[in-house]
Structures are given as structure tokens and as C-alpha cells.
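Novice: Let the hints inform the model, and build the full structure from the sequences given.
Chains as they are written, first to last, in full-length UniProt numbering: chain X, 1 to 403; chain Z, 1 to 242.
Everything labelled a hint here was simulated from the structure, so no lab data went into it. Since the model is a prediction, treat every value here as computed from it, not as a measurement. Careful: at least some of the hints might be erroneous.
[Unchecked claim] Computed Cβ-Cβ distance ranges for the label pairs, DEER-style:
hint, chain 1, residue 1, chain 2, residue 2, range
1, Z, D226, X, N322, 37 to 43 Å
2, X, V302, Z, H147, 24 to 30 Å
3, Z, S50, X, G374, 50 to 56 Å
4, Z, T18, X, V386, 32 to 38 Å
5, Z, E200, X, G374, 54 to 60 Å
6, Z, E126, X, E306, 46 to 52 Å
7, X, L280, Z, H147, 53 to 59 Å
[Unchecked claim] Computed footprint of chain X on chain Z, listed as stretches where at least three residues anywhere in the stretch have a Cβ under 8 Å from a Cβ of chain X:
hint, region
8, 85-93
9, 102-113
10, 116-126
[Claimed, not checked] Some residues of chain Z that are not near chain X, with every Cβ distance over 12 Å (derived):
hint, residue
11, D65
12, G202
13, D213
Yeah, the Cβ is synthetic: ideal placement off N, Cα and C, and Gly gets one too.
Spelled out from the first residue to the last, the chains are:
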Amino acid sequence: MFLNAILLALREIRRNLMRSFLTVLGIVIGVAAVITMVTLGNGATRMVAEQISSLGSNLLILRPGQRLGPGRDSAGAPNFRAADVEALLTQVPSLKAVAPVVSSTVTLVAGAENWSSSVTGSTNAYFVAGNWKLAAGRQFSDEEMRAGKAVCVIGNTVKQKLFAGQSPLGNAVRVKNFSCEIVGILASKGQGAMGMDQDDVVLMPLVTAQRRLTGKTQDVSTLMLSLKDGASSPRVMEQIRQLMRERRKLAENDDDNFNLMDTKQIAEALSGTIGTMTTLLGAVAAVSLLVGGIGIMNIMLVSVTERTREIGIRLAIGALENEVLLQFLIEAVALSAFGGLVGIILALLACLGLSALMGMPFLFNPGINLLAFGFSAAIGVIFGYVPARRAAGLDPIEALRHE
Amino acid sequence: MSSGNGAAPPLIQFRRITKTYGQGQAEFQALRGVDLEIAEGDFVAVMGPSGSGKSTVMNILGCLDSPSSGDYLFQGVPVQDLSRNQRALLRRHYLGFVFQGFNLLARTSAQENVELPLLYRGESPEARHRASREALARVGLNGWEHHTPAELSGGQQQRVAIARAIVTNPLVLLADEPTGNLDSQRSHEIMELLVRLNREQGITIAMVTHEPDMAAYASRIVHFVDGRVASDERTAEPAPCS
Ligand SMILES: Nc1ncnc2c1ncn2[C@@H]1O[C@H](COP(=O)(O)OP(=O)(O)OP(=O)(O)O)[C@@H](O)[C@H]1O
Ligand SMILES: [Mg+2]
Numbered sequence: 001m002f003l004n005a006i007l008l009a010l011r012e013i014r015r016n017l018m019r020s021f022l023t024v025l026g027i028v029i030g031v032a033a034v035i036t037m038v039t040l041g042n043g044a045t046r047m048v049a050e051q052i053s054s055l056g057s058n059l060l061i062l063r064p065g066q067r068l069g070p071g072r073d074s075a076g077a078p079n080f081r082a083a084d085v086e087a088l089l090t091q092v093p094s095l096k097a098v099a100p101v102v103s104s105t106v107t108l109v110a111g112a113e114n115w116s117s118s119v120t121g122s123t124n125a126y127f128v129a130g131n132w133k134l135a136a137g138r139q140f141s142d143e144e145m146r147a148g149k150a151v152c153v154i155g156n157t158v159k160q161k162l163f164a165g166q167s168p169l170g171n172a173v174r175v176k177n178f179s180c181e182i183v184g185i186l187a188s189k190g191q192g193a194m195g196m197d198q199d200d201v202v203l204m205p206l207v208t209a210q211r212r213l214t215g216k217t218q219d220v221s222t223l224m225l226s227l228k229d230g231a232s233s234p235r236v237m238e239q240i241r242q243l244m245r246e247r248r249k250l251a252e253n254d255d256d257n258f259n260l261m262d263t264k265q266i267a268e269a270l271s272g273t274i275g276t277m278t279t280l281l282g283a284v285a286a287v288s289l290l291v292g293g294i295g296i297m298n299i300m301l302v303s304v305t306e307r308t309r310e311i312g313i314r315l316a317i318g319a320l321e322n323e324v325l326l327q328f329l330i331e332a333v334a335l336s337a338f339g340g341l342v343g344i345i346l347a348l349l350a351c352l353g354l355s356a357l358m359g360m361p362f363l364f365n366p367g368i369n370l371l372a373f374g375f376s377a378a379i380g381v382i383f384g385y386v387p388a389r390r391a392a393g394l395d396p397i398e399a400l401r402h403e
Numbered sequence: 001m002s003s004g005n006g007a008a009p010p011l012i013q014f015r016r017i018t019k020t021y022g023q024g025q026a027e028f029q030a031l032r033g034v035d036l037e038i039a040e041g042d043f044v045a046v047m048g049p050s051g052s053g054k055s056t057v058m059n060i061l062g063c064l065d066s067p068s069s070g071d072y073l074f075q076g077v078p079v080q081d082l083s084r085n086q087r088a089l090l091r092r093h094y095l096g097f098v099f100q101g102f103n104l105l106a107r108t109s110a111q112e113n114v115e116l117p118l119l120y121r122g123e124s125p126e127a128r129h130r131a132s133r134e135a136l137a138r139v140g141l142n143g144w145e146h147h148t149p150a151e152l153s154g155g156q157q158q159r160v161a162i163a164r165a166i167v168t169n170p171l172v173l174l175a176d177e178p179t180g181n182l183d184s185q186r187s188h189e190i191m192e193l194l195v196r197l198n199r200e201q202g203i204t205i206a207m208v209t210h211e212p213d214m215a216a217y218a219s220r221i222v223h224f225v226d227g228r229v230a231s232d233e234r235t236a237e238p239a240p241c242s
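Specialist: Given below as C-alpha cells:
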């Protein structure tokens with residue numbers, strides 16, 4: 001009986017190829033859309049979350065000028081000096097570290113290899129502020145920082161590019177026009193936002209960078225401030241603002257000529273936005289799943305007259321109600337399951353491709369796969385099976401007369 | 001099956017069968033108390049004007065429809081006491097039905113249509129194949145096995161329907177105007193086939209027809225008028241029971 005039902009179900013699927021194809025298509029589209037959207041959204045959220053955690057403790061960035069963004073520049077506003085760093089550290093107790101930062105993109109040469117990278121000049125506070133750990137070697141000594149010695153700490157990517165296989169510690173790298181001794185190697189952080197490589201960096205003492213690369217000697221245009229754990233960032237930000245206004249001798253009704261931003265807030269806002277987008281896309285996808293479902297329902301209802309007559313014929317020539325129902329159930333399950341599987345495969349291929357393209361992590365989410373598959377299968381089975389159940393409960397002659 | 005033993009109940013017995021369609025104002029009594037007995041091996045032609053209830057009687061005989069009142073005994077067993085599944089098994093194993101409107105499965109080849117009753121009987125693919133080709137040959141349709149109903153003429157579809165009803169060698173063959181769409185030569189060929197089935201295999205036949213020519217092949221002619229049996233005449237002895 002079961003084999004017969006499978007045979008009959010497969011025959012009906014083959015005979016009504018268009019109907020079967022449309023049913024499968026509805027399910028494929030719905031399932032693929034939902035899974036793709038949600039998986040990509042999850043990947044984007046994860047990416048931002050990783051970025052936030054790689055920032056480490058709460059990090060503030062202080063720059064001269066009124067506000068970041070187009071049309072505003074820092075031309076008129078003075079840069080920061082070493083005294084500002086001291087003042088911040090002593091007068092704002094919630095700050096863990098204050099790192100003055102200058103940076104420049106230069107070509108590095110070691111042996112026959114060369115590589116273009118970003119060089120950052122700062123103090124040891126930068127390791128704290130940037131949440132950098134050392135994989136090998138050491139930080140800068142006080143002497144090196146004060147005298148502006150030619151020493152540097154390199155990121156993992158720079159190490160790979162210039163010193164494939166061997167340990168660079170103690171070796172020299174040529175930075176622009178001077179030779180610099182490598183004293184430390186940073187632990188890898190991996191890929192950052194939008195596929196940016198965070199390990200493609202070189203650190204050197206602030207004074208060294210100022211003298212030999214950026215040309216300025218005394219001041220810096222960026223301070224990175226790291227908060228102590230548990231400090232309330234709005235309150236600390238207000239303290240810093242007041243202190244800087246005082247130190248820059250701004251009058252009561254002058255605008256700030258510096259700009260303080262909280263990177264974590266930005267990142268959190270960004271991840272919030274992405275979360276909202278994911279929800280939105282998920283909703284759009286859910287609608288497409290629903291539309292797919294309605295499409296299936298429509299196809300099934302359109303064919304219900306013909307199918308009711310078919311059921312009448314089968315009953316009239318001696319089929320049992322259960323045999324007819326089993327056939328219809330197998331038909332519905334086969335189509336829905338096939339559609340669901342194709343949808344999942346399509347979605348996974350699309351997700352793999354798209355997340356590679358966008359430099360996002362690919363997160364397989366079994367929950368959403370199961371949910372989408374279950375929902376579409378339920379639609380297929382309900383709309384394929386329920387009308388059949390009604391028809392199979394009729395007297396054969398009533399089913400045959402159905403219009 | 002029962003032998004010539006006089007104590008055995010007739011194969012089919014209708015006792016004051018009525019059938020009412022619709023309700024209230026639209027109520028219509030298609031059968032108004034039909035008493036009818038059909039013995040095994042009989043060949044009954046059912047005649048009567050259009051709307052007199054012939055198809056209604058056939059549907060009830062075929063266990064496709066239930067009477068509104070009265071008793072239908074099949075081999076002495078009241079059909080209304082059987083479950084849905086038992087009635088389905090009765091249709092499967094004892095009855096063959098030719099519908100006035102053919103009722104073939106769409107987009108399904110003639111051969112697969114004819115095989116269907118055998119499939120529900122659980123016959124092997126080889127047996128189904130052989131029997132269905134043979135049945136199609138008997139109604140003059142060899143060479144048409146792979147055509148679907150849409151590719152067949154009305155008369156050819158009717159013959160596929162007949163092949164489907166006889167392929168199981170049923171105990172009773174119920175045919176509602178089996179020659180309604182056929183030319184007279186085909187009609188006579190089909191009637192000769194039915195007579196052979198009746199005489200040689202002892203298949204009991206009830207057949208609706210409007211044509212006296214066709215009714216002449218039967219052993220007994222029952223006339224319906226307004227949902228009642230108006231006359232019932234025997235024209236030949238029933239076939240000896242097998
Ligand atoms: N499903 C139905 N609902 C309501 N009335 C019906 C139904 N089926 C049949 N009837 C009525 O019952 C009566 C008998 O119908 P039936 O089909 O038995 O006639 P018939 O003798 O087979 O006619 P014909 O020779 O035209 O096939 C008709 O008057 C018809 O209108
Ligand atoms: Mg009729």
C-alpha cells in the first residue's frame with residue numbers, strides 16, 4: 001500500500017509538472033530569502049560586535065576642530081601638546097590611559113621585500129588604549145620614547161609580508177629613509193570592519209615619528225583616551241570637555257574648538273542600526289515567505305476541483321480513503337521538502353558568496369534554517385493535504401460532481 | 001459465490017429504495033420506492049425517459065451513492081451497515097462501473113487509467129500491464145494505450161472507461177449508457193463483448209440504454225418512469241451461474 005501510494009504520488013507530480021514546479025518555486029523563494037537575509041544580518045551584527053570588542057575598553061578620541069564631517073576642518077583650532085596629556089591624566093581620574101597619536105602611510109623595506117603600511121607614533125599608552133597585546137618582544141623604554149630612538153613594534157601582517165617564516169625581533173626595517181630596529185610584535189587582531197586589516201600596522205615612539213615622518217615636533221592632532229572599567233562615559237566626557245575648554249581658554253559662549261567622540265557609542269549605534277536592518281530585512285523576507293505560501297495555497301485551491309474529481313474517481317474504482325490520503329500526503333511532503341532543501345542550498349550558497357564579497361563572517365544559523373524549512377513544509381502539507389482530506393471524506397459520487 | 005441453490009439470496013436486492021435530492025423548496029424525489037432483484041448471471045437493460053432516475057439507481061447499485069431510505073442488500077448483506085472502507089472494498093473486488101461521463105483521470109494514458117483498479121487490488125506490475133492491454137484490445141483500442149483522454153475521441157474515451165470496468169473481471173458490471181457516444185457498428189461490437197462476458201464468464205450486468213437495439217442484447221428489460229419501476233420483462237434466460 002505504501003509503495004503504491006509513493007508510485008501514485010510521483011506519477012501525479014510528473015503529470016502536473018507545472019503545478020509541481022510552481023509549488024516548489026514558491027517554497028524555494030520563501031525559504032532562500034528568509035535564510036539569506038537573516039544569515040547575512042547575523043554576520044553583519046557579529047562583524048560589528050567583533051569590532052567593538054577589539055576596541056577594548058571604552059575608548060574616546062579627542063581631535064581639534066568643531067566636529068567631524070564634511071565642510072568642517074580643524075584649520076583654525078590648535079593641536080594638543082604634551083601638557084594636555086599630563087593634565088588629562090592628572091585631572092580626570094577615570095582615565096586609564098591617554099595616548100597622543102600621529103600617523104602616516106609609508107613604504108617599509110626589509111631585505112628584498114617591501115610593503116606599504118600605516119605607521120603610528122605614540123607612547124606605551126597606545127597599547128592600553130588600542131587594546132594591543134604583544135605576541136613577542138617588548139614595549140618602548142622610557143629612554144627610547146624620550147630620545148626618539150629608531151625602534152618599532154610591528155603588526156602581524158607586516159611581519160608576514162616582510163619576514164616570511166623568520167623572527168623579525170632584533171632585525172631592522174627601513175621606514176621611509178631611516179632604519180628602525182624591531183623590538184616587539186603585536187598579537188593578531190584579525191580582520192576588522194569592512195574587511196580592513198587591523199594587523200597591518202607599525203608602532204614607534206611619538207617623538208621618533210614626529211621628527212622623522214610627520215615633521216611636526218611638539219603637538220599632535222589626535223589623542224586616544226581609554227576609560228577605566230565601569231566609568232560612566234557621559235560623565236567623563238563632560239569632565240574632559242570642561243577641562244579642555246579651560247585649558248584652551250574658551251569664553252563662556254564660544255563653541256568648543258575640539259571634538260570628543262566615543263568610539264564605543266558609534267560602534268554601538270552602528271550595530272543597533274544593523275540590528276534594525278536585520279529585523280527589517282527579516283521582515284521583508286518573512287513577507288516573501290508568506291507570499292510564497294499564498295502562491296502555493298492559490299495553486300492548490302485552483303486545482304482543488306480537478307483534484308476532488310480525481311479523488312472521486314479513485315474512490316469509485318475501489319481506493320480506500322486512507323490510500324488516497326497517503327498519496328496526497330506523500331505528494332505534498334515530497335514537493336515541500338524538495339523545495340525547502342533547494343531553498344536552503346541556494347540560501348547557503350548565496351550567503352557564502354555574499355559574506356565573502358562583503359568581508360563578513362558567515363554564521364550558519366540552524367534555527368532560521370529549521371524555521372523557514374518547517375514553515376514552508378507546513379504550508380505545502382496543509383494546503384496540499386487538507387483539501388484532499390475533505391474530498392476523501394465525501395461519497396464518491398459527490399466528489400465526482402464537485403464543481 | 002452462491003450456486004443454483006434456491007435458498008441463497010439474490011445477488012442484488014432493492015427494497016423500497018428512495019432517493020431525494022436537495023432540501024425544502026428545492027427538494028426532488030428522484031426515486032420513489034424502487035423494488036428490484038437481480039440474480040447472479042443476469043443481464044439487465046435499464047430503460048426509461050431522461051430524468052426518470054436510471055443513473056441514480058446505477059449509482060446506488062455501484063455503492064457510489066447512498067439511498068435516502070430503503071434497503072440495499074448485496075449477497076444478502078445490507079450495504080448501509082457496511083463501513084466506508086468495506087464499501088470501498090466491495091467496489092474494489094466485486095463491482096465494475098462505467099460512468100455516463102466516463103470519469104477518466106486527466107493527463108493519464110489510457111493504459112494507466114485501465115491499470116488503476118488493478119493497482120488498488122495490489123496486482124503486480126506485469127499482471128497489470130498484461131490485463132490492461134488485453135482489456136483495451138477487447139474494446140478495440142490496441143495501439144491507443146499511450147494516448148491521454150484529451151487525445152481520444154468521446155467514443156474512444158467511453159471504450160477506455162469500459163476497459164477499466166472489465167479489466168478486473170468484476171462480479172457485477174454496472175454500465176451507464178456505455179454505447180451513448182458510439183456509432184452503431186461500435187455499439188454492436190461492445191454489446192457483443194458484454195454478452196460474451198455475461199455468457200462465458202457469468203458476469204452479472206446492469207446497463208442503462210436508450211436504444212431498444214441495445215436493450216435487445218439483454219435478458220431482461222426494466223423500464224423506469226418517474227423514479228419507479230414501470231415494467232420488468234424477461235426476454236431470455238439468465239446466463240448459467242459460473
Ligand atoms: N445531484 C443532484 N441534485 C439534484 N437533483 C438531481 C441530482 N442528480 C439527479 N438529480 C435529479 O434526479 C432526477 C433523476 O436523475 P438521473 O440522473 O437519475 O436521470 P436519468 O434517468 O439517468 O436521466 P438521463 O437519461 O438523462 O441520464 C433528474 O430529474 C435530476 O434532475
Ligand atoms: Mg443518466
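Novice: Compare the structure with each hint and give your call.
Specialist: Hint check:
For D226 of chain Z and N322 of chain X, the Cβ-Cβ distance of about 40 Å falls inside the hinted range of 37 to 43 Å, so the restraint holds. Distance hint check: the CB atoms of V302 of chain X and H147 of chain Z are about 26 Å apart, consistent with the given range 24 to 30 Å. Evaluation of the 50 to 56 Å hint for S50 of chain Z and G374 of chain X yields a pass: the beta carbon distance comes to about 54 Å. Against the hinted window of 32 to 38 Å, the Cβ-Cβ separation of T18 of chain Z and V386 of chain X comes to about 34 Å, which satisfies the hint.
For the pair E200 of chain Z and G374 of chain X, the supplied restraint of 54 to 60 Å holds, since their beta-carbon distance comes to about 59 Å. Under the hint 46 to 52 Å, the C-beta atoms of E126 of chain Z and E306 of chain X, about 31 Å apart, miss the expected range. Between L280 of chain X and H147 of chain Z the CB atoms are about 55 Å apart, so this pair conforms to the stated range of 53 to 59 Å. Proximity of the region 85-93 of chain Z to chain X, defined as three or more residues with a beta carbon under 8 Å from a beta carbon of that chain, is established by the 6 residues found.
Counting residues of the region 102-113 of chain Z whose CB falls under 8 Å from any CB of chain X gives 7; the rule of at least 3 is met. For the region 116-126 of chain Z, the assignment as covered by chain X holds, since 6 residues bring a beta-carbon within under 8 Å of that chain's beta-carbons and 3 suffice. Listed as outside the interface, D65 of chain Z is inconsistent with that label: its C-beta sits roughly 4 Å from the nearest C-beta of chain X, within the 12 Å cut-off. The beta carbon of G202 of chain Z is kept farther than 12 Å from every beta carbon of chain X, the shortest such distance being approximately 21 Å.
Once the 12 Å rule is applied to beta carbons, D213 of chain Z is consistent with being away from chain X; the minimum gap is 28 Å.
Checked against the numbered hints listed earlier, the structure breaks hints 6, 11; every other hint is satisfied.
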